[in-house]
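As given, the protein sequences belong to chains P and U, one line each in that order.
Take -18 as the starting number for the first sequence in this note's numbering and just add one per residue.
Take 502 as the starting number for the second sequence in this note's numbering and just add one per residue.
Quick caveat, the hints were computed from the structure, so don't treat them as lab data.
Incorrect hints may have been included.
For each label pair, taking beta carbons as the anchor points, the in silico distance ranges come out as [unchecked claim]:
no. : chain 1 : residue 1 : chain 2 : residue 2 : range
1   : U       : D618      : P       : D62       : 40 to 46 Å
2   : U       : G655      : P       : G59       : 45 to 51 Å
3   : P       : G582      : U       : Y514      : 33 to 39 Å
4   : U       : T508      : P       : R773      : 53 to 59 Å
5   : U       : G655      : P       : T405      : 44 to 50 Å
6   : U       : D618      : P       : G476      : 53 to 59 Å
7   : U       : S562      : P       : A475      : 40 to 46 Å
Output of the computed footprint for chain P on chain U, the stretches with three or more beta carbons under 8 Å from beta carbons of chain P [claimed, not checked]:
no. : stretch
8   : 510 to 520
9   : 530 to 542
10  : 557 to 570
11  : 594 to 600
12  : 622 to 630
13  : 639 to 650
Some chain U residues well away from chain P (every beta-carbon gap over 12 Å; in silico) [stated by the list, open to error]:
no. : residue
14  : P503
15  : A506
16  : L523
17  : G547
18  : D554
19  : R590
20  : R616
21  : D617
22  : D618
23  : L634
24  : E653
25  : M654
26  : G655
27  : Q656
Computed from a predicted model, the values in this text were never measured in an experiment.
C-beta atoms are modelled at their ideal positions from N, C-alpha and C, and glycine is treated no differently.
So the chains spell out like this:
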Amino acid sequence: MTELDPGLLGEQIAESGQLSEPDGGHEIGRARRRKEDQRLLTGHTRWTDNLQQPGMLYVMFMRSPMAHARITRVDVSGARDLPGVVAAFSGRDFAEEQGSLPCAWPVSEDIVIPDHPPMAVSEVRYVGEAVACVIATDRYRAADALEAIEVDYEPLPAVMDMREALTPGSPKVHEAGNKAFSVKITSGDVEAALRDAPVLIDRTYVQQRLIPSAMEPRAVLASTDGDTFTLWSSTQIPHVLRVMLAVTTGIPEHRLRVIAPDVGGGFGSKLQVTAEEVLCLLLTRRLGVPVKWTESRSEGNLTVHHGRDQIQHLTLAAEADGRIRGLRVELLADMGAYLMLVTPGVPMLGASMFNGIYKMEAYEFGCTGVFTTKMPTDAYRGAGRPEATFAIERIIDELAAELGMDPIEVRRRNWIRHDEFPYTTVSGLTYDSGDYEAATERALALFGYDKLRAEQADRRDRGDPVQLGIGVSTYTEMCGLAPSRMLGMANYGAGGWEHGSVRMLPTGKVEVITGTSPHGQGHVTAWSQIVADSLGVPFDDVTVLHGDTAIAHKGMDTYGSRSLVVGGMAVLQACEKVKVKARKLAAHLLECSPDDLEFDGGAFKVRGTGAAKTIQELAFAAFTAHDLPEGVEARLDSDATYDPDNYSFPHGTHLCAMEVDTETGQVRIRSYVAVDDVGKVINPLIVRGQVHGGIAQGIAQALFEEAVHDADGNLLTTTMADYLLPSAADLPDFTTDRTETPSTGNPLGVKGVGEAGTIASTPAVVNAVVDALRPYGIHDVRMPCTPERIWRALEGARS
Amino acid sequence: MPRIAITVDGIHYEEDVEPRLLLVHLLRERLGRTGTPVGCDTSNCGACTVMLDGKSVKSCSVLAVQADGCDVVTIQGLGANGAMHPMQRAFHEEHALQCGFCTPGMVMAAIDLLRDDPDPSEETIRQGLEGNLCRCTGYCNIVRAVRRGAQEMGQAVRTP
Ligand code: FES
Ligand code: FES
């Protein structure tokens, strides 16, 4: 069992409000208020759309109203003639130079990666695809000019349903057909496990298509001085973007600078190389003036990549006592019309996670990626892992129901015990550490599980129209997307290391540079805490620079809960190198051997004497360089890249109590308890915030959100009035707590927390809805579980 | 083009504006008040909320000409003498922001909500902020911050 210190961790309970700060001067573990806040709270922001350049023009795109059509004519001349319009172009005008938007994750040998022109030239394959653009002196003039562009289309059949798309007679999205790839992974003898299994459960779950909906719409500003190019973009990945844009546009990498200024959320949706980024660069190259494009929300709903969209067929075999024998997973994953940066990789990130926290002998995963005439899908918070976790956590509840067993008990019988770590799962991953028992016990206690079960039984007996459901989710996730070796084995087109550097300034202040690219996660604060502890400098003396390829010259950016696990570690290692240099200098100045020095409280002290040099004094001595020993250069600055050997595996137990009105289908979350184990924590305040936001997004998938198309391929949910993001009034308060099992994969012991809440909460909520409805013979409700769907399920069951 | 007179964060402006120009674009693109962002085009998100003659409005749903003769306060004009408003401080203390994009509108809406109820319950706060969307925080800490901000503002009123 993990040592549970209720004194320290108990204060994490949401209701109790204030977080205490452990004394002792250690920064790691302190609930530091964020350095980022002041600026953001007073409106001193640098959103890309805030930025202006002298002579800057505004770009707007004409977008296809058809899901699938041949473009027979584009006439932009009417737009060109309007006042304030500087230029207008069709896809044909850029056909020779625009290249193809990249896909960096060819997951299989048989994968089909169709050409993906940033602006369509001859055929459109989803509603919203850019077909022409105007460049004008202000956004109102640009909008007027769009009206004057004429485009003729010859309609082609829309391909909207994955199953139909794979039938032989289906219309094709691309010449090569509608299958993008297929993959099969087998471990153990699944056939044998399923054959004559005492319990066999067969279920199909639908992961609806989601729209990530970061609050800041995308924006791009591009400028050139004729020689070099600068691109500001609302992106999570300035470094990856720079490489990809160089390759796509032919602008040499060393003459291209990419800046991610303030970025208003991403959740994976800004992990992309977009048509608009490529085209703004090409437009500034062609016109020689700065150009800016900012999407409207309805444009964004159409053209920011979508998330999820899978049909999951699971077959689970178990013994009569509930022990799992094996699992077969067959996925259909909707790619949309093209493969974007990591589109095909998303379902593959779930490939090794359908077995969850459970032990079994046999596992088979098959996945077919399917083209449809819809916006491409790609990474959205959790990317592949929420889908996998949902499916296994749902079907485990079904197993419990089938056996008449408590869902916690079924999990206990199957999960990896705390003394079995490190544990290599049936799908071949080695989980570093964990204590599912401890997290679950804590969650049950906070939730008042037994009492709620008693109330549930009572309501069932009484035939109360408002039934109570209890949903369980015991998740783990694969985090810290890094190990370059493993990413290579998965055929991912890049490494997963991260870079950090530390500059010791003459005045003793510290500038830290990180290759991660925060957009709300609080890296500036958390990295300052790591550096303050490592170098013994005050927290306030540290600043963190990021998100500009000219400053943070190396990096792999922010996604996959990797920033702390990989980037925080790189910063820590850079600090260690600073100390190695500083020790040599200190020994020289103090006229002793380096071995006689101990580093304590920010100073090198000669053991047994009072003599000491602080790190700040040493930074100044290096700067003046008046008295440096042989082989020591005039700076303590250091940098490091870090690349761990393994992923990290946070886990936790989430419990949801749901009231379901069986007359109206209305649901109300009565209480929600989350106990997460994300390893060591640098800043509990930030961790709690990440968990809250994650839970909200997972609940949103369970209850509210869905991208809906009509049969012709029109998106019906283009605005925030139709695509229902939950507001404060739609969500309850969450009770959160932690257990702490340090990761064994890195010296900080950290695991990552960005995606945990989202991965865990969706199945907890749907399990709660279904649990409430079980007495009516209902064993599934499709997401989002709207009152209408619940009501219909009840009507169906009653008749 | 109509000419309007408008005060923004204490500065008086006279501007010639197209009748269709939105207040939020006047603020952001002509007057340099970029602290107020735009998150949607259907008046759903609340990111653009400012005070217009003391009441919160979504500045994307007001035409600049409609603000003729009005006094506008944006997030950039909220603090006094370089100090943050108690509500801004409460957001900081309670970690009620992550990316910060919804924050200016959220703070404005929160202050406005206290005009009707200076000591709101959790339920009142949640209902009162229904028109302001946040994708990062899950709202728990925003609710806490509004409670705390309300208490501090109440105290400021009581101690002259
Ligand atoms: S920008 Fe005004 S409500 Fe969204
Ligand atoms: S803090 Fe990011 S949208 Fe609210």
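Taking beta carbons only, do three or more residues of the stretch 510 to 520 of chain U come closer than 8 Å to chain P? Violated, because only 1 residues of the stretch 510 to 520 of chain U bring their Cβ atoms closer than 8 Å to Cβ atoms of chain P.
Should the hint that D618 (chain U) and G476 (chain P) are 53 to 59 Å apart at their CB atoms be regarded as holding? This hint holds: roughly 54 Å between Cβ atoms.
When you look at the beta carbon of D554 (chain U), is every beta carbon of chain P farther off than 12 Å? Consistent with the label, D554 (chain U) stays out of reach of chain P, its closest Cβ about 20 Å off (over 12 Å).
Hey, does A506 (chain U) actually stay past 12 Å from chain P on C-beta? Given that every Cβ of chain P is farther than 12 Å from that of A506 (chain U), nearest at about 22 Å, it holds.
Taking the minimum C-beta separation from L634 (chain U) to chain P, is that value above 12 Å? 5 Å, violated
Test the statement that R590 (chain U) is away from the interface with chain P: the closest C-beta pair must be farther apart than 12 Å. R590 (chain U) not clear of chain P: closest Cβ-Cβ about 8 Å, inside 12 Å.
Can you tell me if the stretch 639 to 650 of chain U counts as covered by chain P, using C-beta to C-beta distances under 8 Å and a minimum of three residues? As far as the stretch 639 to 650 of chain U goes, the hint holds, because 7 residues have Cβ atoms under 8 Å from chain P.
Are all C-beta atoms of chain P more than 12 Å from that of D617 (chain U)? Its Cβ never comes within 12 Å of chain P, the nearest being 16 Å, so this holds.
Could you check the hint for me, namely that D618 (chain U) and D62 (chain P) are 40 to 46 Å apart, CB to CB? 56 Å, violated
Distal placement of E653 (chain U) relative to chain P, Cβ over 12 Å: Correct as stated: the minimum Cβ-Cβ distance to chain P is 15 Å, above 12 Å.
Mind verifying the non-interface call on Q656 (chain U)? Its CB should be farther than 12 Å from each CB in chain P. For Q656 (chain U), whose nearest Cβ neighbour in chain P is about 17 Å away, the distance exceeds 12 Å, so it holds.
Is 33 to 39 Å right for how far apart the beta carbons of G582 (chain P) and Y514 (chain U) are? 54 Å, violated
Hints 1, 2, 3, 5, 8, 10, 16, 17, 19, 23 from the earlier list are contradicted by this structure; the remaining hints agree with it.
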